[in-house]
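Colleague: Just so you know, the protein sequences line up as chains A and B, in that order.
So the first sequence is numbered by full-length UniProt numbering: it starts at 1 and just counts up by one.
So the second sequence is numbered by full-length UniProt numbering: it starts at 1 and just counts up by one.
The set of hints was computed from the structure by calculation and includes no laboratory data.
All residues carry an ideal CB built from backbone N, CA and C; glycine is no exception.
Check before you lean on any hint, since a few could be wrong.
What the hints assert, rightly or not - Here are some chain A residues the structure puts well away from chain B; computed CB gaps all over 12 Å:
(1) E11
(2) K32
(3) G39
(4) R91
(5) Q112
(6) R128
(7) A171
Said to hold, decoys possible - Simulated crosslink set (BS3-like; lysine-lysine; CA at most 27 Å straight-line):
(8) A:K52 - A:K32
(9) B:K32 - B:K52
(10) A:K32 - B:K52
(11) A:K52 - B:K32
(12) B:K32 - A:K32
2 protein chains.
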Amino acid sequence: MSTEERLGTQERLVRSTQELLWERGYVGTSPKAILERAGVGQGSMYHHFSGKSALALAALRRTAQTMQQTAEECLGGPGTAYDRVAAYLTRERTVLRGCPIGRMTQDRDVVQNPELRTPLDQMFDWLRGRIADVLAEGQRRGELAAALDPVATAATVAAVVQGGYVLARAADDPAPFDAAVQGVLALLAAQVTSVGATGDRD
Amino acid sequence: MSTEERLGTQERLVRSTQELLWERGYVGTSPKAILERAGVGQGSMYHHFSGKSALALAALRRTAQTMQQTAEECLGGPGTAYDRVAAYLTRERTVLRGCPIGRMTQDRDVVQNPELRTPLDQMFDWLRGRIADVLAEGQRRGELAAALDPVATAATVAAVVQGGYVLARAADDPAPFDAAVQGVLALLAAQVTSVGATGDRD
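Next up, chain A with everything else stripped away, as it sits in the complex:
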């Protein structure tokens, strides 16, 4: 088998596992379902991965990496600190599908397995830290009120997104997600100083 074909199989296995974990969770994802979706045989799977847990780890790492890149596109973008956090909060999402990483935190087999929990922990830790950095930068530039706690506010922003998914899925309607985002944005807008309000929004 050529390197290209091997990579192809491995890639198909990882992508299928990513999808199935998102849709069905860890307990609901059988090795059989992964093989069927990837269109590969059992031998190929065990050639690349020791089993479901190893495949799940590769899939979670990949999903976390993609989420981080998507968030960074907003948080590292142009504009004031408020603009960048607003871009993250309001970026286009398939709200009713929820968050593929947040979803995993409800899976006992994932959170009770330190190896599988690590990509989740690292992703959210990075996200909270990145939002806190953006807010602290806004404060240094005088755009945001000095009294704002960047670390606590960053946790609030990250929680609103994750909790917004929960509310939307319960309602089978994206409206509660959108309301939660608008609510926190309005509270954050009240922390914008006159410098921030007239800031360069290129």
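Put chain B on the given structure of chain A with help from the hints.
Modeller: Then chain B, alone, in the frame of chain A:
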């Protein structure tokens, strides 16, 4: 069998299902595990419930009812609107266990089943409405800034709790939950007027 004994069996079945759904989700909860935990035979289960789905519905309704009562104890309590929302946000929780209703929104078999989704939808709909009422009452009393949107802010508050659980479970540490709550409380405190700040906090 006496009425008392019948109620005992039914009650044990519902409580066991509540616990198992919280711990393992819908897919991970087998009728066999319910029977074992409840300590009842298969015949008794089918005497009271047509199957797993009917038992899950009874369990979800019960859990939602309990959550609503617990939230109402805080939101219907004494003090200003800010105090009552703060009481809800900071009430004692086993954060790492997460929310038994929020957890269910990640279960495809629950959210894609209109009957099973209904208790989730009703609970969160009630919660957002109740928080919005408390905030609107605070505005009418002049305790909170008139510009605050009670409905959006209520969604934010509910989302912070649900998302806080997600962040805490990813970190295996309640700290991100507590940070998210402190963050939204600080943002909300900035909306408290001089009337609200000197309000009667009986």
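Colleague: Is the Cβ of A:R91 farther than 12 Å from every Cβ of chain B?
Modeller: holds (16 Å)
Colleague: Find the nearest Cβ of chain B to the Cβ of A:K32 and say whether that gap is larger than 12 Å.
Modeller: holds (15 Å)
Colleague: Beyond 12 Å on every Cβ pair: is that true for A:E11 relative to chain B?
Modeller: holds (25 Å)
Colleague: Between B:K32 and B:K52, is the straight-line Cα distance small enough, at 27 Å or below?
Modeller: holds (10 Å)
Colleague: Is it true that the CA of A:K32 sits at most 27 Å from the CA of B:K52?
Modeller: holds (25 Å)
Colleague: Can we confirm that no CB of chain B comes within 12 Å of the CB of A:A171?
Modeller: Its Cβ does come within 12 Å of chain B, the nearest being 5 Å, so this is violated.
Colleague: May I ask you to check that A:R128 keeps its beta-carbon over 12 Å from the closest beta-carbon of chain B?
Modeller: violated (7 Å)
Colleague: Is it correct that the beta-carbon of A:G39 has no partner in chain B closer than or equal to 12 Å?
Modeller: holds (23 Å)
Colleague: So if I understand the rule, the pair passes when the alpha-carbon distance is 27 Å or less; does B:K32 with A:K32 pass?
Modeller: holds (23 Å)
Colleague: CA of A:K52 to CA of B:K32, is that 27 Å or under?
Modeller: It holds: about 25 Å lies between the C-alpha atoms, which stays within 27 Å.
Colleague: Keeping to a limit of 27 Å between CA atoms, is the pair of A:K52 and A:K32 held or broken?
Modeller: Holds. A:K52 to A:K32 sits at ~10 Å (cutoff 27 Å).
Colleague: Against chain B, does A:Q112 keep a CB gap of more than 12 Å to every residue?
Modeller: Given a closest Cβ separation of 9 Å, the condition is violated.
In this structure, the earlier hints numbered 5, 6 and 7 are contradicted, and the remaining ones agree with it.
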